[in-house]
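Using my numbering, you'd call the opening residue of the sequence shown number 3 and step up by one each time.
No lab work stands behind these hints, which were simulated from the structure alone.
Heads up, a few of these hints could be off.
Unchecked claim - 27 Å max Cα-Cα, derived DSS-like pairs, lysine-lysine: (1) Lys47 - Lys19; (2) Lys12 - Lys47; (3) Lys19 - Lys67; (4) Lys67 - Lys12.
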Amino acid sequence: MTLENISCQKSFGGWHKRYRHHSKVLGCDMVFAVYLPPQAEQGEKLPVLYWLSGLTCTDENFMQKAGAQRLAAELGLIIVAPDTSPRGEQVPGDPDGAWDFGLGAGFYLNATQQPWAQHYRMHDYVVQELPALIEAHFPASDQRSISGHSMGGHGALVCALRNPGRYRSVSAFSPISNPMDCPWGEKAFSRYLGEDRARWREWDASVLLAESSECPPLLVDQGDRDDFLENQLKPQALEQAARKGGHALTLRLQPGYDHSYYFIASFIDEHLRHHAVALGRV
Numbered sequence: 003m004t005l006e007n008i009s010c011q012k013s014f015g016g017w018h019k020r021y022r023h024h025s026k027v028l029g030c031d032m033v034f035a036v037y038l039p040p041q042a043e044q045g046e047k048l049p050v051l052y053w054l055s056g057l058t059c060t061d062e063n064f065m066q067k068a069g070a071q072r073l074a075a076e077l078g079l080i081i082v083a084p085d086t087s088p089r090g091e092q093v094p095g096d097p098d099g100a101w102d103f104g105l106g107a108g109f110y111l112n113a114t115q116q117p118w119a120q121h122y123r124m125h126d127y128v129v130q131e132l133p134a135l136i137e138a139h140f141p142a143s144d145q146r147s148i149s150g151h152s153m154g155g156h157g158a159l160v161c162a163l164r165n166p167g168r169y170r171s172v173s174a175f176s177p178i179s180n181p182m183d184c185p186w187g188e189k190a191f192s193r194y195l196g197e198d199r200a201r202w203r204e205w206d207a208s209v210l211l212a213e214s215s216e217c218p219p220l221l222v223d224q225g226d227r228d229d230f231l232e233n234q235l236k237p238q239a240l241e242q243a244a245r246k247g248g249h250a251l252t253l254r255l256q257p258g259y260d261h262s263y264y265f266i267a268s269f270i271d272e273h274l275r276h277h278a279v280a281l282g283r284v
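Construct the complete structure from the given sequences, taking the supplied hints into account.
Given below as structure tokens:
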């Protein structure tokens, strides 16, 4: 597969790079960002943390705002941030131009309904196609962890729970914990998956956590001044699911924090260390 390097900046002794490639899974060109720490130039295969961003975001938000590169360089972690949905003239967006569905809002699932099914297969892209590309073209091992924010927090949880053993750890900031029971999720699921709510259960993190036989180490941070906390995010559903499934969940309600990247930047080091322990870098 051909990779086109579209930007490159040195950061904390390593390199932040952006690439464009054609995705067979999504049927369009995609852009992803990768941070390669200094150890990547020493011939060592390094573990990878995949970061999934939220609604309206691209690969750039996390890399520019979270401040993760300093500690990633110290720990020897590669970070990969894909886009949040397929893109291109041939990819359908929301017919009304809404920001919470379609372009920028792929929800990290595999759509089954037309016209979305052809392109909106972000789950397979994140779990299968992108890691295969990363491990083929960069000094990356097959030791993976996954994290994300909001819609991406939902995506990280679902990717880990649907694919036991593929990720060594998982974490999330302000995840959409129970998308079957919130406006963002109901809108996306009804269009991507159809009206049969039984199919929605396969993509709901709280349902999956309650029914899963195993779960990697799980850390979730949520700000208590988040405007979306009660109506959209509902972390209590995740907490109840963890108890029901008998899984260890570290859920921290952080006083005074909102939904922004100021919140993520405040706690990203703790998430990186959480993953570094599971990946054998600490």
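*Hint numbers the structure violates, sorted upward?*
none
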